[in-house]
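Produce the entire structure from the sequences given, and follow the hints as far as they go.
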Amino acid sequence: MNHTLLAIIFILNAIGIASAIGLFCPAGSATRKLGSAIFCLWLLAFAAFCAFGFAASFEPPVVQRRPWRIGYAIAGFLALGGAALAGRHGFKQA
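Following our numbering, the numbering of the sequence shown begins with 72 at its first residue and continues without gaps.
There are no misleading hints in this set.
What follows is a set of in silico ranges between Cβ atoms, one per label pair, in the way DEER data are often shown:
id, residue 1, residue 2, range
1, LEU149, ALA127, 15 to 21 Å
2, ALA101, ALA122, 27 to 33 Å
3, ILE82, TRP139, 24 to 30 Å
4, CYS96, GLU130, 42 to 48 Å
5, ALA108, PRO132, 40 to 46 Å
6, LEU77, GLY152, 25 to 31 Å
Derived from the structure by calculation, the hints contain no laboratory data.
The beta carbon of each residue, even a glycine, is placed where N, CA and C say it ideally should be.
As structure tokens, then:
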């Protein structure tokens with residue numbers, strides 16, 4: 072795999088983890104709001120990836136793709152729920 076692609080993947084995951092850590096800051100702080108906004112965007116991007124994977128699993132030839140469909144659907148809905156909870160938790164006032 073290309074080293075540039077690995078670096079991009081690492082940076083995106085580091086941003087997601089750092090923004091998740093920002094959710095543990097005091098309520099109403101700018102760090103918490105920024106962290107929750109970035110984490111929501113990160114989870115929404117992951118949900119979009121899952122939606123694309125779910126749609127791509129219907130392409131022929133279909134040779135037992137059901138586990139992928141179920142996995143993509145579950146991961147996508149969990150990401151959407153996590154984005155909603157992170158946004159609600161991040162912008163909640165004390």
